[in-house]
Amino acid sequence: MLPMALMNGLVMGVIYALAALGVSLVVGIMNVINFAHGEFYILAGYFSYLFADTLGLNPILSMSLAVGMVFLFGIVIEYTIIRPTYGNHMYSLILTFILSIVLQNAYLLIFGPYPKKPPGWVKGATNIFGDFCYGNQRLAALAAGTVLIVAVFLLIKKTWFGRMIRAASQDREMAELNGVNTALLNTFSFGLGCALAAAAGVVLAPVFPVTPTSGVPVALTAFVVVVLGGMGSMWGCVIGGLILGLVENLGAAFISTGYKHLFGFIILIVVLAVKPSGLFGSRET
Amino acid sequence: MLNMAGINVFRGETQVLWDVSLVVGEREKVAILGGNGAGKSTLLQSIMGILRPASGTIAFKGDSLVGKKPYQIIQLGLALVPEGRHIYKDMSVWENLEMGAYPRRGRKWMRETMVEVTSLFPFLRDRRDQSAGTLSGGEQQMLAIGRALMSRPEMLFVDELSLGLAPIVIKEIFRVLEGLSRRTTIMLVEQNVEQALKHSERAYILKSGRIDRSGPSLELANDPDIKKAYLGL
Ligand SMILES: Nc1ncnc2c1ncn2[C@@H]1O[C@H](COP(=O)(O)OP(=O)(O)OP(=O)(O)O)[C@@H](O)[C@H]1O
Ligand SMILES: [Mg+2]
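In order, the protein sequences belong to chains A and B.
Just so we're aligned: 142 in the working numbering is position 142 of the first sequence, and the numbers increase by one with no gaps anywhere.
Just so we're aligned: 143 in the working numbering is position 143 of the second sequence, and the numbers increase by one with no gaps anywhere.
It is worth saying that the hints were derived from the structure and are not from the lab.
A couple of the hints might just be wrong.
[Said to hold, decoys possible] Here are the computed lysine-lysine pairs in the DSBU-like style, where the Cα-Cα straight-line distance is at most 30 Å:
{"#": "1", "chain 1": "B", "residue 1": "Lys61", "chain 2": "A", "residue 2": "Lys158"}
{"#": "2", "chain 1": "B", "residue 1": "Lys228", "chain 2": "A", "residue 2": "Lys158"}
{"#": "3", "chain 1": "A", "residue 1": "Lys157", "chain 2": "B", "residue 2": "Lys89"}
{"#": "4", "chain 1": "B", "residue 1": "Lys61", "chain 2": "B", "residue 2": "Lys89"}
[Said to hold, decoys possible] Label pairs and their computed distance ranges (CB to CB):
{"#": "5", "chain 1": "B", "residue 1": "Gly12", "chain 2": "A", "residue 2": "Met90", "range": "28 to 34 Å"}
{"#": "6", "chain 1": "A", "residue 1": "Leu2", "chain 2": "B", "residue 2": "Gln75", "range": "35 to 41 Å"}
{"#": "7", "chain 1": "A", "residue 1": "Ile81", "chain 2": "B", "residue 2": "Lys89", "range": "28 to 34 Å"}
{"#": "8", "chain 1": "B", "residue 1": "Gly62", "chain 2": "A", "residue 2": "Arg83", "range": "44 to 50 Å"}
{"#": "9", "chain 1": "B", "residue 1": "Glu13", "chain 2": "A", "residue 2": "Ile60", "range": "36 to 42 Å"}
{"#": "10", "chain 1": "A", "residue 1": "Thr126", "chain 2": "B", "residue 2": "Lys89", "range": "33 to 39 Å"}
From the three backbone atoms N, C-alpha and C, an ideal C-beta is built for every residue, glycine too.
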């Protein structure tokens with residue numbers, strides 16, 4: 001049971017890390033908490049289901065299209081409802097909260113209450129360490145999630161776009177004085193944040209099918225991961241995501257499945273009691 | 001090169017600059033002087049597009065700057081070393097310089113400019129991977145100047161260069177600016193009137209948001225009124 005729980009924990013951990021990176025990016029640069037993060041995650045799951053299952057496109061193509069569409073959708077949302085709230089965080093909180101409810105109801109109306117599952121990319125199972133058989137689709141999800149996380153790190157640490165994001169997160173006015181169009185950067189970053197939620201969604205949807213409200217626990221966990229890892233820290237997102245994924249699955253396996261999400265919050269409270277800025281947080285703000 | 005005529009600038013409800021006009025010629029070294037709260041930084045922020053004047057005109061080489069955003073104004077060849085340096089503390093020294101090179105021509109000539117800037121301030125090369133927040137105050141000021149130079153500006157604005165720095169560091173920085181002024185137009189904004197008059201050709205004195213006096217720096221430095229008011233003599 002232990003190796004199985006560990007593997008499940010890693011898969012979920014990678015997904016949480018991806019979703020948390022998206023939250024962290026948007027909070028860092030725009031100071032906006034996107035309450036609809038989980039609904040963007042689900043939207044990508046539905047899109048990839050639509051493209052692959054209904055239209056019969058190849059799964060990888062379907063997933064890329066789904067992430068691309070959510071990215072564009074995020075850009076439209078930023079431009080139309082977030083941008084007018086600059087300077088007032090309360091408005092953006094309320095608006096994204098309303099957006100999350102509107103989207104959940106739209107999904108219910110369009111896709112119905114039953115779980116939708118895009119086709120898997122691979123079949124069968126692999127015997128791990130000669131110990132137990134683990135679904136290939138889950139292994140593939142773990143690998144894809146890891147590759148995506150590495151890609152995000154490279155994007156943020158090595159490219160002009162990443163430098164601009166880090167500069168503007170630290171000192172917006174100075175970044176503007178260095179020639180960065182920060183309003184445009186906001187729009188793009190919000191889109192990218194949504195795309196990261198979407199990436200997590202398409203990777204996990206073939207394992208855990210999507211329903212209109214199944215984004216809620218993932219988004220909540222992503223917020224917990226951001227706080228746990230320390231605001232603004234990318235490593236915090238990764239380590240925090242893995243810790244939460246593992247704790248939830250080990251807790252579910254050895255204590256009780258009923259309290260699965262409670263374990264994460266207990267860890268959060270313990271960490272914040274010891275280190276209020278989170279695992280990797282340096283700044284107090 | 002820079003022409004400013006009759007600008008009035010507000011911060012919130014209060015008017016901070018009143019009918020300010022000034023002219024800076026190519027490769028001139030001009031100082032803007034004045035005490036706390038005179039409106040010096042406000043003047044620079046109006047030029048750079050951070051604040052928008054309620055009325056008046058600002059033009060750089062014939063292009064109007066009023067209504068343009070800071071990121072657009074940078075592209076025209078102006079650069080600001082802001083009061084308080086505003087270096088990116090969590091980024092490395094090198095990344096700070098790279099950010100300075102973000103405007104179009106900065107990126108085009110980044111390699112060459114990097115060599116020039118690190119020859120002005122050699123410690124920048126030795127500490128390239130160090131987190132910029134761990135530099136000393138004087139080093140941070142040099143980094144801030146280096147970062148501004150990375151965009152290859154035609155005109156450089158330096159706000160409160162000497163604030164909180166040891167005299168020997170100030171001297172060193174002024175020596176570097178002296179060298180730069182052969183090809184870059186420089187506008188120094190200072191409370192440190194003595195230093196600024198020494199290192200400029202012409203100066204304007206701001207008092208409560210209005211131009212109080214202006215003229216050649218040498219003349220102002222020898223003016224009995226100014227000696228009394230600003231130089232403590
Ligand atoms: N962000 C702000 N909001 C409102 N008023 C401001 C702001 N910043 C400055 N002021 C006011 O504008 C006036 C001019 O300030 P400014 O910073 O331009 O002065 P300064 O000459 O640069 O002073 P210092 O030498 O202290 O830097 C002051 O009365 C100041 O109180
Ligand atoms: Mg000032």
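Now the hints, each set against the structure:
1. B:Lys61 <-> A:Lys158: Judged against 30 Å, a Cα distance of about 36 Å means the pair is violated.
2. B:Lys228 <-> A:Lys158: violated (54 Å)
3. A:Lys157 <-> B:Lys89: holds (15 Å)
4. B:Lys61 <-> B:Lys89: Status violated; Cα separation ~34 Å.
5. B:Gly12 <-> A:Met90: 28 to 34 Å: The hint (28 to 34 Å, Cβ to Cβ) is violated, given that Gly12 (chain B) and Met90 (chain A) are roughly 21 Å apart.
6. A:Leu2 <-> B:Gln75: 35 to 41 Å: violated (59 Å)
7. A:Ile81 <-> B:Lys89: 28 to 34 Å: The hinted range 28 to 34 Å holds for Ile81 (chain A) and Lys89 (chain B), with Cβ atoms some 33 Å apart.
8. B:Gly62 <-> A:Arg83: 44 to 50 Å: violated (33 Å)
9. B:Glu13 <-> A:Ile60: 36 to 42 Å: Since Glu13 (chain B) and Ile60 (chain A) have Cβ atoms about 58 Å apart, the given range 36 to 42 Å is violated.
10. A:Thr126 <-> B:Lys89: 33 to 39 Å: violated (47 Å)
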